[in-house]
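**Student:** Here's the letter readout for the chains.
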Amino acid sequence: KNQVEQSPQSLIILEGKNCTLQCNYTVSPFSNLRWYKQDTGRGPVSLTIMTFSENTKSNGRYTATLDADTKQSSLHITASQLSDSASYICVVLNNAGNMLTFGGGTRLMVKP
Amino acid sequence: DAEITQSPRHKITETGRQVTLACHQTWNHNNMFWYRQDLGHGLRLIHYSYGVQDTNKGEVSDGYSVSRSNTEDLPLTLESAASSQTSVYFCASSPGRPQETQYFGPGTRLLVL
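If you're matching them up, the sequences are chains A and V in order. Take 28 as the starting number for the first sequence in the numbering used here and just add one per residue. Take 131 as the starting number for the second sequence in the numbering used here and just add one per residue.
These aren't lab readings, by the way, just hints derived from the structure by calculation. Note that the Cβ used here is the ideal one computed from N, Cα and C, for glycine as well. Mixed in with the good hints there might be a few duds.
What the hints assert, rightly or not - Here are the simulated DMTMM-like cross-link-like pairs (lysine to aspartate or glutamate), alpha carbons at most 20 angstroms apart as the crow flies:
| no. | chain 1 | residue 1 | chain 2 | residue 2 |
| --- | --- | --- | --- | --- |
| 1 | A | K84 | A | E42 |
| 2 | A | K84 | V | E230 |
| 3 | A | K28 | V | E189 |
| 4 | V | K187 | V | E209 |
| 5 | A | K28 | A | E42 |
| 6 | V | K187 | V | D168 |
Stated by the list, open to error - Take a look, some chain V residues computed to stay more than 10 angstroms from chain A by CB distance:
| no. | residue |
| --- | --- |
| 7 | T156 |
| 8 | S197 |
| 9 | Q232 |
| 10 | G235 |
Stated by the list, open to error - Anything over 10 angstroms on all C-beta distances counts as not near chain V; from chain A, calculated:
| no. | residue |
| --- | --- |
| 11 | S37 |
| 12 | P71 |
| 13 | S73 |
| 14 | I116 |
| 15 | T128 |
Next comes chain A alone, as it looks inside the complex (with noise of 0.2 angstroms):
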C-alpha cells in the first residue's frame, strides 16, 4: 500500500532557529515528490517538486532534499519567521496511475 509517513508530528522553535522535517514513503513506482504548505484555514501551496534524480531543491529560505534510494526526504528551513508558522505536506506522485498520496503534516509553530 502506497504510504507517507511524516514527522514529527508537531514542532515548536524560536524565531530565527533552523528545522528540518522529515518524510518516509513507500509509494512505486515513483515519479515525484512534493512539498507544500498550508496556513491555518487556507489551501496547500506548493513549496517544491523533485524528481527522481533531483537531491536538493530549494525555494528561499526552504530546501528539500530526496534520497530515492532509501525513500526519504527532508524539508530544512532556515532562519525561521513567525510566518513559517503552519502545516507542511509531504505528497507523492506515483507513475503508475498518476496518484498522489499525503502525508498527514507537521504542523510548525515559530514562537518570538
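Given chain A, put chain V in place with the hints provided.
**Tutor:** What follows is chain V alone, placed relative to chain A:
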C-alpha cells in the same frame, strides 16, 4: 489574475439533504480534483476530472458525485449528506500533465448536523 475559488466557504446542513460545493478556476487547466481533509488523515481524493465530460472516482468517492460540463467548473455534490461527511473540502486544478503541481482553492468547511 487567474485563480481558483470555492463557494461557499462555510456551510451547515442537516443529514439527508443534498449539498453542492462549487469550484471555479480561471487558469484553463484541464485537470480538476476534489479532496477532503480530516484530522488524523492526509488529504484524500474524492473525485477528479481530466477534461470536459471526464470524471473519475478517487479513494473516498462513496456518497459524492461530480460533473464536468466546462473547463472552469467542477461542482461536488453530496447526494444525501451524512455526519461522516463533516470535513474541510479542497478543490485543486493542474495543467495537462499529472507531474505538474496542483493549485488548491481556499477550502469549504462543511458541517453536517
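**Student:** If a hint holds in the structure, say so; if it doesn't, say that too.
**Tutor:** Each hint tested on the structure:
1. A:K84 <-> A:E42: Roughly 23 angstroms separates the two Cα atoms, so the pair is violated.
2. A:K84 <-> V:E230: holds (16 angstroms)
3. A:K28 <-> V:E189: Measuring from Cα to Cα gives roughly 13 angstroms; hence the hint holds.
4. V:K187 <-> V:E209: holds (15 angstroms)
5. A:K28 <-> A:E42: violated (38 angstroms)
6. V:K187 <-> V:D168: It holds: about 19 angstroms lies between the C-alpha atoms, which stays within 20 angstroms.
7. T156: Its Cβ never comes within 10 angstroms of chain A, the nearest being 15 angstroms, so this holds.
8. S197: Non-interface label stands for V:S197: nearest chain A Cβ at 21 angstroms, farther than 10 angstroms.
9. Q232: At about 7 angstroms from chain A, V:Q232 fails to clear the 10 angstroms cut-off, so the statement is violated.
10. G235: violated (5 angstroms)
11. S37: Non-interface label stands for A:S37: nearest chain V Cβ at 12 angstroms, farther than 10 angstroms.
12. P71: A:P71 not clear of chain V: closest Cβ-Cβ about 5 angstroms, inside 10 angstroms.
13. S73: Per Cβ check, A:S73 is inside 10 angstroms of chain V; nearest 4 angstroms; violated.
14. I116: A:I116 is in fact no farther than 10 angstroms from some Cβ atom of chain V, at 7 angstroms.
15. T128: violated (8 angstroms)
Consistency with the previously given hints fails for numbers 1, 5, 9, 10, 12, 13, 14, 15, ordered from lowest to highest.
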